[in-house]
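Undergrad: Take a look at the letters that make up each chain.
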Amino acid sequence: MAELKLSGIVKNFGAVRVLHGIDLAVQNGEMIVIVGASGCGKSTLLRIVAGLERATGGTVLIDDRDVTALEPAARDIAMVFQNYALYPHMRVFDNMAYGLRIRGLAKDDIKRRVQEAADLLGLSALLDRRPRELSGGQRQRVAMGRAIVREPKLFLFDEPLSNLDAKLRVAMRAEIKRLQRRLGVTSLFVTHDQVEAMTLGDRLVVMHEGRAAQIASPMEIFERPADTYVAGFIGSPAMNFLPATITEDGKGARLSDGNIIALPPGQFAAQPGQKVTLGIRPEHISLPGPLRLTTDLIEPLGSESVVHGRLASGETMALRLPGAPPSATVLEIAPRAEHLHVFDAETGKRLPPPA
Amino acid sequence: MSEARNSIAAPMGMAGSNPRADMLTHIILVLGVLLFALPIWIVLMGSTHDAGTIGRGDVPLLPGAEAAANYSAVWSQGNKRRAGVPVSIMMFNSAIMALLITFGKIAISIISAYAVAFFSFPGRMLFFWAIFITLMLPVEVRIFPTFQVVSDLGLVNTYAGLIVPLIASATATLLFRQFFLTIPDELVEAAKMDGAGPIRFFKDVVLPLSATNIAALFVILFVYGWNQYLWPLLVTTSTDVETIMIGIVKMLGSQGDTEWHLVMTTTVLALLPPVAIVILMQRWFVKGLVETEK
Chain A
1 MAELKLSGIV KNFGAVRVLH GIDLAVQNGE MIVIVGASGC GKSTLLRIVA
51 GLERATGGTV LIDDRDVTAL EPAARDIAMV FQNYALYPHM RVFDNMAYGL
101 RIRGLAKDDI KRRVQEAADL LGLSALLDRR PRELSGGQRQ RVAMGRAIVR
151 EPKLFLFDEP LSNLDAKLRV AMRAEIKRLQ RRLGVTSLFV THDQVEAMTL
201 GDRLVVMHEG RAAQIASPME IFERPADTYV AGFIGSPAMN FLPATITEDG
251 KGARLSDGNI IALPPGQFAA QPGQKVTLGI RPEHISLPGP LRLTTDLIEP
301 LGSESVVHGR LASGETMALR LPGAPPSATV LEIAPRAEHL HVFDAETGKR
351 LPPPA
Chain B
356 MSEARNSIAA PMGMAGSNPR ADMLTHIILV LGVLLFALPI WIVLMGSTHD
406 AGTIGRGDVP LLPGAEAAAN YSAVWSQGNK RRAGVPVSIM MFNSAIMALL
456 ITFGKIAISI ISAYAVAFFS FPGRMLFFWA IFITLMLPVE VRIFPTFQVV
506 SDLGLVNTYA GLIVPLIASA TATLLFRQFF LTIPDELVEA AKMDGAGPIR
556 FFKDVVLPLS ATNIAALFVI LFVYGWNQYL WPLLVTTSTD VETIMIGIVK
606 MLGSQGDTEW HLVMTTTVLA LLPPVAIVIL MQRWFVKGLV ETEK
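So the sequence lines, in the order shown, correspond to chains A and B. Counting from 1, one number per residue, gives the positions in the first sequence under the numbering used here. Counting from 356, one number per residue, gives the positions in the second sequence under the numbering used here.
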């Protein structure tokens, strides 16, 4: 259990800068999920915390101790890898005990700790097997057991669920969350999967091109995304974006086809005539309304239907409608004003609330 | 492994469906077996006859009655007419040489491959290429300079002189390096997180994972060491360190002067250790060559 503090983390690979100064303070026992598309630098950030990669600039503090220059083993952290990285020639017991043996713990202690972790993870019957005799989910558990027995200050997870099939992934996701709660160990979890991110994290770090686009709780990120990237990344199907111009009275936004959509009053400091991007989530659109949508694809999901289509002005839109799919090919739709997001068209940043 | 078996099995199934093709296959196989096995059979039979039989120009294809006498004679006395060394001593010398060459080669190549594959240090690729390029130089090219060095060091007619120059192995280094490159980076990193230093990682992870490769190399290198001829010929002049290969050649005189039954007996004895090694380690050998999953 520990606090982790990153300040100004910069990383260059040759001439390419992949991290542009990341600041992050993680509290004791908190689960932080770092999420982003591939190549956004999320794994690099995790590896810098682990000590497997050396930061070009910035500092890593664990419990106020500067570990930036320390070897991984000296940082008292444990990591779960994407492909589990179990020692293939060792039994499950030895895999979990290896780190403890190197640290020179007494045999009884090692046995007790491994047994406890195995009980916790339901591995007690498998301690004599080798990794190749285990299923994917069991290997995953051994990898977590190896981290748990160390009783580290910090858990690092590097996309640990992405090698599992869909059903197991959901089960393991819940298990990781439960375990992390129970052990109360400060954790960093890297993933590209937004559902994992939303469900696991106490707070999320949404990374985009080497920068932290937003650091906030999952609901905060969903309800008040800081920019169009975050808005489009979190939520499925993705948020719809419509270019618009703020009307002269500042109370509405005019779409390219001339329709005016009212803005939620008192939420955005919009200047008359300002170019903006309106964001509206597929589930926040209702029938009927002023906009005409020609449908071109309908995905029935049982309890709801996802409708894809094109507005008269040419923008594509997706909407989620409850119940059976609509039969009409042209729908008249209305974005619900209270759920509207307004971003600056140039910077992509969310407009601030009025002063 | 199962895939390899399937692809070998498929052509056999095809031949089995056609009796004529089947017969042709068998004829070719029988010819092949004859071609390979006949000389060995002749040697084996020749070693059981007395001096006269082969001296008359017969090629015996059936066992004779002198086996025990021949084998005990060469084992304890060698080929007496040509001032021979007992075969037991030569076999011992050969075994020492082959084993030490094998262990030496494996030990040196596995640690140099470990250095080249897992560490980044200045000149790493230079070292790798320096090792790699010596692959292309056959022993014969450097044999005279090597002899010069060995003789300046006073190592002629010693085990050290016999063994040390043959110990460096570019092939084995390359083989281990290629295998090490298949060890996933995450495994190295997991060991780092567990606190294993380079020596521990080598001992606890790399070495156990290399076991099948080591076994395969052991077979190849033992046979290589056992069969060494040119270098022992140069560097041994005394009978103390004479190897079996040299001994056999020394037994050959002019046509009428050679005791062929003893030569053949010695040859059979010289065959035994490599054959034993291959048979004993066959399973490991095949595993080491085909195994890719870890």
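Quick caveat, the hints were computed from the structure, so don't treat them as lab data. Any given hint could be a false lead.
[What the hints assert, rightly or not] Computed footprint of chain B on chain A; a stretch qualifies when at least three of its residues, placed anywhere within it, have a C-beta under 8 Å from a C-beta of chain B:
id : stretch
1  : 76-82
2  : 205-217
3  : 234-248
[To be verified] Anything over 12 Å on all C-beta distances counts as not near chain A; from chain B, calculated:
id : residue
4  : S443
5  : L492
6  : I522
7  : L529
8  : M548
9  : P628
We put the CB at the ideal spot given by N, CA and C, even for glycine.
Undergrad: Now tell me if each hint is right for this structure.
TA: Here is how each hint holds up against the structure:
With 5 residues bearing a CB less than 8 Å from a CB of chain B, the stretch 76-82 of chain A meets the requirement of three and the coverage assertion stands. Counting residues of the stretch 205-217 of chain A whose beta carbon lies closer than 8 Å to any beta carbon of chain B gives 0, which falls short of the minimum of three for the stated coverage. Requiring three or more residues with a Cβ within less than 8 Å of a Cβ of chain B, the coverage given for the stretch 234-248 of chain A is violated, as only 0 such residues are present. Look at S443 (chain B): its CB is around 40 Å from the nearest CB on chain A, clear of 12 Å, so calling it non-interface holds up.
Consistency note on L492 (chain B): stated as away from chain A, and its beta-carbon is indeed over 12 Å from all of that chain's, at 36 Å minimum. With a least CB separation of 28 Å from chain A, I522 (chain B) remains clear of the 12 Å interface cut-off, as annotated. The beta carbon of L529 (chain B) sits about 23 Å from the closest Cβ of chain A, which is more than 12 Å, so the claim that it is off the interface holds. For M548 (chain B), the shortest C-beta to C-beta distance to chain A comes to about 5 Å, within the 12 Å cut-off, and the non-interface label is violated.
Non-interface status of P628 (chain B) relative to chain A is upheld: no Cβ of that chain comes within 12 Å, the nearest being about 30 Å off.
This entry does not satisfy hints 2, 3, 8, going by the numbered hints stated previously.
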